[in-house]
Amino acid sequence: QKEVEQDPGPLSVPEGAIVSLNCTYSNSAFQYFMWYRQYSRKGPELLMYTYSSGNKEDGRFTAQVDKSSKYISLFIRDSQPSDSATYLCAMSVITQGGSEKLVFGKGTKLTVNP
Amino acid sequence: KAGVTQTPRYLIKTRGQQVTLSCSPISGHRSVSWYQQTPGQGLQFLFEYFSETQRNKGNFPGRFSGRQFSNSRSEMNVSTLELGDSALYLCASSLEGLAGGLPDTQYFGPGTRLTVL
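So the protein lines, in turn, are chains A and B.
The letter at position 79 of the first sequence is residue 81 when you use the working numbering, and the numbering goes up by one with no holes.
The letter at position 53 of the second sequence is residue 208 when you use the working numbering, and the numbering goes up by one with no holes.
Incorrect hints may have been included.
[Said to hold, decoys possible] Taking CB as the label site, the calculated pair distances span:
{"id": "1", "chain 1": "B", "residue 1": "Asn232", "chain 2": "A", "residue 2": "Ala19", "range": "41 to 51 Å"}
{"id": "2", "chain 1": "B", "residue 1": "Gln173", "chain 2": "A", "residue 2": "Gln82", "range": "18 to 28 Å"}
{"id": "3", "chain 1": "A", "residue 1": "Glu59", "chain 2": "B", "residue 2": "Gly217", "range": "41 to 51 Å"}
{"id": "4", "chain 1": "A", "residue 1": "Ser54", "chain 2": "B", "residue 2": "Gln173", "range": "27 to 37 Å"}
{"id": "5", "chain 1": "B", "residue 1": "Thr169", "chain 2": "A", "residue 2": "Lys4", "range": "24 to 34 Å"}
{"id": "6", "chain 1": "A", "residue 1": "Glu7", "chain 2": "B", "residue 2": "Thr270", "range": "23 to 33 Å"}
{"id": "7", "chain 1": "A", "residue 1": "Lys44", "chain 2": "B", "residue 2": "Lys212", "range": "41 to 51 Å"}
Hints listed in this document are in silico derivations from the structure and should not be mistaken for laboratory results.
None of the values given here were measured: they were computed from a predicted structure.
Just so you know, even glycine gets a beta-carbon here, dropped at the ideal spot from N, CA and C.
Required output: the full structure, derived from the provided sequences and hints.
Following this line, the structure appears as structure tokens:
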């Protein structure tokens, strides 16, 4: 079982829809939970991060973490064509050497149709 | 402030050759991490350099190596290329890097698309 599982999609929704993107994980040691957005031919950019169970809002985006179920979600309200991208979840863990590394999901490709 | 730059953007090599990729981090950033991105495996961590020292390493064979210079610029080398090395190689820089505490935002470059024939 991979440490982080993410449905690759693709996911296609009409403009204005609410989008739900999800990841599950197996490593209880993960500390921070992040969502990155990657446009075609670009590198990923950080959208949001959180470290505790619950919800965190930032504009149209809401990140949700449920540590008991090892499940994280990203909700996008009032989705726009400009939200069309690949969304990657990422989680950080402290290595044996005491430093931190990121583990990424494979990404979900989202298309928002006008 | 200029973002992370990577050169070259595209590269075609044949099996058995070696390749060197370059990354210039954002000014003031001391940590540089390298990732390999493929459709099958997603984004996988290769290694991280901080102040010219490799601080973290992923699960890749020794054919993959890197280094960091005193100006924080970093290079990644892959020797004896295999077909499976075809991927997008991404570099990310951050101020302090992956060293605990609050997550230190990583800023990614556009990547180098490597094709091995």
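Taking the hints in turn, this is what the structure says about them:
1. Distance hint check: the CB atoms of asparagine 232 (chain B) and alanine 19 (chain A) are about 45 Å apart, consistent with the given range 41 to 51 Å.
2. Remark: the range hint 18 to 28 Å for glutamine 173 (chain B) to glutamine 82 (chain A) is contradicted by a beta-carbon distance near 44 Å.
3. A C-beta distance of roughly 45 Å is found between glutamate 59 (chain A) and glycine 217 (chain B), which places it inside the suggested range of 41 to 51 Å.
4. In this structure the supplied range 27 to 37 Å is violated for serine 54 (chain A) paired with glutamine 173 (chain B), their Cβ-Cβ distance being about 45 Å.
5. A beta carbon spacing of about 31 Å between threonine 169 (chain B) and lysine 4 (chain A) agrees with the range 24 to 34 Å that was offered as a hint.
6. For the pair glutamate 7 (chain A) and threonine 270 (chain B), the beta carbons lie near 28 Å from each other, so the given range of 23 to 33 Å is met.
7. Here the CB-CB span from lysine 44 (chain A) to lysine 212 (chain B) is close to 26 Å, at odds with the stated 41 to 51 Å.
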